[in-house]
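Novice: Sequence:
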Amino acid sequence: MQMQQEYKTIANLSIGIIMSILLFFSGYYLYNYFNPTIYGAWRSTSTDQIVEFRRNGEVIIGNTDYIAYIEVISPTKMRYIVDNKTFEMYYQIEGRKLYWGLDIDDLEEFNRD
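Numbering (my numbering), first residue to last: 2 to 114.
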């Protein structure tokens with residue numbers, strides 16, 4: 002009788018640990034899904050063009066061999082470097098939307114791809 006109780010206790014403990022681990026990873030995934038960083042692929046809502054920001058600073062625009070570079074200066078500003086020209090650009094991330102452009106009052110909208 003006591004042996005059966007030990008097995009039930011161990012089984013309940015194992016189920017509790019597995020459920021806790023699943024809950025942790027589900028929460029981590031959902032947090033990252035709804036709070037993306039600038040890095041990754043974004044699709045323009047106006048042009049349907051895909052822009053990919055890579056962690057090494059490269060920016061790939063569409064399916065071209067055209068590569069630009071970014072340096073993140075602050076949480077809302079970046080340097081965009083293309084053809085030896087540097088532009089200070091603004092960006093803002095709200096949920097799964099990215100707003101990006103030269104003028105803070107006229108930012109293009111992108112959705113996380």
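Derived from the structure by calculation, the hints contain no laboratory data.
Hints may contain errors.
[To be verified] In silico DMTMM-like pairs for lysine to aspartate or glutamate, Cα to Cα no more than 25 Å straight-line:
| no. | residue 1 | residue 2 |
| --- | --- | --- |
| 1 | Lys86 | Glu53 |
| 2 | Lys78 | Asp104 |
| 3 | Lys86 | Asp107 |
| 4 | Lys9 | Asp49 |
Just so we're clear, the structure is a prediction, and the values are computed from it rather than from any experiment.
Novice: Hints first: check each against the structure and report whether it holds.
Specialist: Going through the hints against the structure:
1. Lys86 with Glu53: holds (19 Å)
2. Lys78 with Asp104: OK: Lys78 and Asp104 at ~11 Å, within 25 Å.
3. Lys86 with Asp107: holds (21 Å)
4. Lys9 with Asp49: The hint is violated at about 56 Å.
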